[in-house]
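Trainee: Read off the chains here:
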Amino acid sequence: MKNEMAVAFSSISENESFARVTVAAFVSQVDPTMDELTEIKTVVSEAVTNSIIHGYNNEPHHQVYITCTLIDGEVELTIKDEGIGINDINEARQPLYTSKPELERSGMGFTIIENFMDTVEVISNPGKGTTVHMTKQLTNTKTVCS
Amino acid sequence: MGLSSTFAIKEEVLIVRLSGELDHHEAEQLRNEWKEIMYKNDVKHVLLNLEAMTFMDSSGLGVVLGRYKEVLQLGGEMVVCSISPPVKRLFEMSGLFKIVRLEENEEFALETLGVAS
Chain A
1 MKNEMAVAFS SISENESFAR VTVAAFVSQV DPTMDELTEI KTVVSEAVTN SIIHGYNNEP
61 HHQVYITCTL IDGEVELTIK DEGIGINDIN EARQPLYTSK PELERSGMGF TIIENFMDTV
121 EVISNPGKGT TVHMTKQLTN TKTVCS
Chain B
1 MGLSSTFAIK EEVLIVRLSG ELDHHEAEQL RNEWKEIMYK NDVKHVLLNL EAMTFMDSSG
61 LGVVLGRYKE VLQLGGEMVV CSISPPVKRL FEMSGLFKIV RLEENEEFAL ETLGVAS
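Protein chains in written order, with our numbering: chain A, 1 to 146; chain B, 1 to 117.
The hints are simulated quantities; they were obtained by calculation from the structure and are not laboratory data. Since this is a predicted model, take the numbers as computed values, not measurements. Keep in mind that a hint or two might mislead.
[Said to hold, decoys possible] In silico DMTMM-like links for lysine to aspartate or glutamate, alpha-carbon gap of 20 angstroms or less: (1) A:K80 / A:E14; (2) A:K80 / A:D118; (3) B:K88 / A:E39; (4) B:K35 / A:E102; (5) B:K44 / B:E92; (6) B:K69 / A:E104.
With the sequences and hints as input, model every part of the structure.
Mentor: Take a look at the structure:
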């Protein structure tokens with residue numbers, strides 16, 4: 001069975017916690033482990049923070065979009081902004097790389113996302129925005145599928 | 001849920017106890033408070049107690065790294081204790097344990113920093 005949700009919210013940092021709690025509540029329906037839930041929350045936090053700080057340069061009047069689909073024990077997560085985009089995606093995905101060192105960023109956002117999800121695809125058009133599409137198979141359903 | 005932080009000073013060690021969720025939204029205020037306390041007090045080392053920390057992401061790592069650099073300038077050491085498995089994974093992933101020492105609990109960590117109990 002396929003189950004889908006979509007949410008859009010203002011690009012303010014207060015909504016980082018709203019976003020991860022919302023996605024976690026949705027994913028909870030298919031019985032993830034506590035570790036999986038923490039991983040998904042962390043990933044949502046990283047991607048939404050990227051959209052707010054980098055995509056929208058901390059401007060509060062934009063929108064961040066999340067869609068999440070549950071299908072056959074797999075979580076598909078898409079986090080999208082219509083911000084400035086990323087010029088060099090490979091550079092942005094390097095561990096410890098940050099375009100804003102003055103903000104005391106660790107540069108670990110994408111590295112954490114890649115570690116916690118099975119697949120990560122970043123699509124970005126400078127001036128138009130960035131979409132991060134990710135999937136993760138949950139363990140409690142892995143054996144059933146094979 | 002948010003973040004709450006308490007600071008205590010024992011001899012030349014600043015103890016920072018964090019509870020709740022540390023993300024980008026909470027990071028700035030924590031950074032300001034933490035920096036001010038380090039600036040105003042004669043401390044050398046930092047002990048970070050994460051016993052009650054329920055969530056942390058890369059923004060939190062950034063704050064810790066930033067304070068680590070300041071501790072280094074003071075000629076001190078940063079020690080973290082009572083860390084949960086998910087936060088430990090984040091620290092491992094980012095190589096933070098190469099520069100920040102991990103101890104089991106606050107009492108033991110303080111002892112290693114030369115504070116008598």
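Trainee: Hint by hint, which ones does this structure get wrong, listed from lowest number up?
Mentor: Per hint list: single violation, 5.
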